[in-house]
Amino acid sequence: MPETSLVVVDPGHFHATLVQQQMYPELSPVVRVYAPLGPDLIDYLSRIARYNRRPQAATDWRLDVHAGPDFSIG
Amino acid sequence: MAARCACRPRFLDRIRDEPPGGVAIFSGRNRGKIDRIIAALEAGLHVLADKPAIIEPADLPRLEAALTMANEQQLVLADMMTGRHNTLVRLLQALRCDPEVFGDPIAGTGDEPGVLLSGVHYLRKVVAGLPNPRPAWYFDVT
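These protein sequence lines map, in sequence, to chains C and G. According to my numbering, the first sequence holds residues 1 to 74 in order. According to my numbering, the second sequence holds residues 1 to 142 in order.
Honestly, the hints are just simulated from the structure, not real lab data. None of the values given here were measured: they were computed from a predicted structure. All the given hints hold, so there is nothing to weed out.
With a straight-line cut-off of 25 Å between C-alpha atoms, the simulated SDA-like cross-links for lysine to any residue are:
#1 G:125 with C:38
#2 G:125 with C:42
#3 G:51 with C:5
Quick list of the computed label-pair ranges, beta carbon to beta carbon:
#4 C:25 with G:65: 25 to 35 Å
#5 G:97 with C:62: 42 to 52 Å
#6 G:120 with C:54: 22 to 32 Å
#7 G:121 with C:46: 12 to 22 Å
#8 C:24 with G:73: 21 to 31 Å
Cβ atoms here follow ideal geometry from the backbone N, Cα and C, with glycine treated the same way.
With the rest of the complex left out, here is chain C (with noise of 0.2 Å):
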């Protein structure tokens, strides 16, 4: 598995999930996500899940997904 992977932090625009479009062979799929929990979290977890959901070229985005409630935003 490569080495190299995505951290998403704070996902607010749907810009981030534009990055993982497709899969990269250079990129891991898993990806660590810190975010508080709320809509906007879900909102990208959703289109992610399209994405790995859709009929052709799915991905295989798999999320280690950090939602604590001590998450706070700057």
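Add chain G to chain C, keeping to what the hints say.
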């Protein structure tokens, strides 16, 4: 930097625990984004950040320091939306800047403005056939 530690959100500490060599993705939440960018660079992460990296002129030195740090550590710190810099867009910008092609901007009048804004994607946008609702905080300019 030490004075900033006391009020640093915990996730900034978490990002420091990330193994170096990864790529941190930042989008939205423009206020404080430069703090996150710097924390990621200090952790040895590359950074792809959506524009704007900063929203206050006072933060320009910090952005410059971040770019210097990235350069010194041979890390990538770049705009994530590379389409803004692709060949077609650059060509259009070059043509726009050539008076022989574009001419000169005109002042216009109230009835016939010199510039018309036709895109409203910041208010209403469809992505991949689905409406893209903006979160409520998007409209909070404070």
